[in-house]
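Novice: Protein chains in written order, with the working numbering: chain Y, 493 to 693; chain V, 6 to 199.
Hints are supplied without guarantee of correctness; some may be wrong.
Claimed, not checked - Here are the simulated distance ranges between beta carbons:
1. V:Val141 x Y:Pro667: 41 to 49 angstroms
2. Y:Leu548 x V:Ala144: 33 to 41 angstroms
3. Y:Tyr520 x V:Pro138: 42 to 50 angstroms
4. Y:Pro668 x V:Ile122: 43 to 51 angstroms
5. V:Pro118 x Y:Phe640: 28 to 36 angstroms
6. Y:Pro668 x V:Pro191: 28 to 36 angstroms
7. V:Pro138 x Y:Ala497: 58 to 66 angstroms
8. Y:Arg681 x V:Pro17: 54 to 62 angstroms
9. Y:Pro626 x V:Glu93: 32 to 40 angstroms
10. Y:Tyr520 x V:Pro191: 35 to 43 angstroms
11. V:Ile194 x Y:Glu506: 42 to 50 angstroms
The set of hints was computed from the structure by calculation and includes no laboratory data.
Bear in mind the structure is a predicted one, so any value in this text is a computation, not a measurement.
For glycine and all other residues, C-beta sits at the position ideal for the given N, C-alpha and C.
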Amino acid sequence: MSRSARQLPWDWYEGEIPKNVAVDSTAYIETSYSFRFFRSEVPGGVEYGRGASTYLGTMFDVGPRGRVKLGDYALVHGARIICDNEILIGNHALISWNVVLMDTYRLPANSAGRRHELELMPQRELRIAAADVPARPIHIGPNVWIGFETCVLPGVTIGEGSVIGARSVVTTNVPPFTIAAGNPARIVRPLTAEEMKSHAA
Amino acid sequence: MNRDKQSEPSQPGRWVDGTLPPNVRLGQNTIITGDLAFKRFHCHEPDALCIGAHCTMDGVHFDLGEAGRMIIGDYCYFTNAVLLCELEICIGNYVVIGWNTTVADSDFHPIAPAERIADAVACSPLGKGRPRPPVVKQAVIIEDDVWIGPNATILKGVRIGTGALVEPGSLITRDVPPRARVMGNPAEIIGEVA
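Taking the hints into account, I'd like the entire structure generated from these sequences.
Specialist: Pasting the structure below:
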C-alpha cells in the first residue's frame, strides 16, 4: 500500500501528520496516532524544532485555537498535551511518560455548565468538549526535566534548567535552576554551584 | 470514534472495537472504544456492567473480578480510565473522569505478611486450585456531577459527593464532601465549587 507524503513510513497507525503541523527535517515522530485528537486550525498548530521528538503515548489533544511548540532537541516520551491556548516547550527539555500538560480544564467548573456541554458532546463526531472555558498558557523553559506522571496545570511557567520530580502536580511557577516535587509541588532546593558548574550562563 | 460513522442520537450503545460480553448493558448512544476495554473482564454474572445513555468511554479498562459489579449513569465521559472492580463501583450521571485515572474498590492483596505469602503462592503458576486469603473490598461511590482530573487515583471505600471536583493527580483515600475541591497526595480539601 502506498503512503502519502504526510504519512510516516514506519507508522503502525494509518493516520497522517496534519497539514498545519510543521516538522523540521531532523525531528522524529514515532506515530501519527499522537494526532488523533488534534484539531487546531492555527498555522503551525504544532511546531517541531531541530532534533525534537515525540514518542508513542504522546497525544496532542489540541483545540481549534491551540498551539504547541517543541524546541530544538526537546524530547517528549509520552505526554497528554491538552491545549486550547499555548504550550511552549523549550530547547533540550525532557518530558517523561504519562505527563499531563494542560492549559485548560476543558469543561466548566460549575455543574450546570458541565451538564450542558456533556449533553452536546455525544452529538459531535469526535465527542470532544468545545465549551468556552479559560485557557492560560504553559511555558516550559529550556533544559527543563519533568518526571513521569507529573501534571502541569494551566498558567504555569517552569524556568530554565529546573527539575520536576515524578508524580508531582505543578500548580504555580517554578523558578529557573530549581528542583521542585510533590503534590502539590513545592520547591525542594535550588541547584547547587557544583551542579551548575559547567553550565554556560 | 473517528474510525466509525458519525453517531446518531438514536443509535444503540456499542463497543467500536469488538463484540460486547453478553452481561454488559449499554444505554442508547453510548460508545466504548479501545481494544483493551474488556481484556480483564472476568465476571460472568448477569448485568455485571450497566452503563446508561449518551456516555463516551474512550480507552477505558473495565477490569471486573468474578464478583465485581459496576453501574455507570447517563452522560458520563471517561478518558483512558482504569476501573478495577472486585465488589462494586457505582457512578452517577454527568461524571467526568480524566485521562489515566484509576478507580479501585480493593487492595487486591492482604496487608498481613503471612497472608500475603499465601496469596503470592495462590496467585503463582504453582497455585492452581489453592484458595486465596480474604482481601478487603469496599464499594466506591461517585455521585452525580463529579469531575475527576487526569492521573488521579480513587481507592476503596470512598464516596465522592455530588458536584465535587478532584484536581489532577490527586490520591483519594477518604470521602469527599459534596461540592468540595480536593487536591494532593493524600488529597485535602482546598476549596468549594463556586
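Novice: Output the indices of the hints that this structure fails to meet, ascending.
Specialist: none
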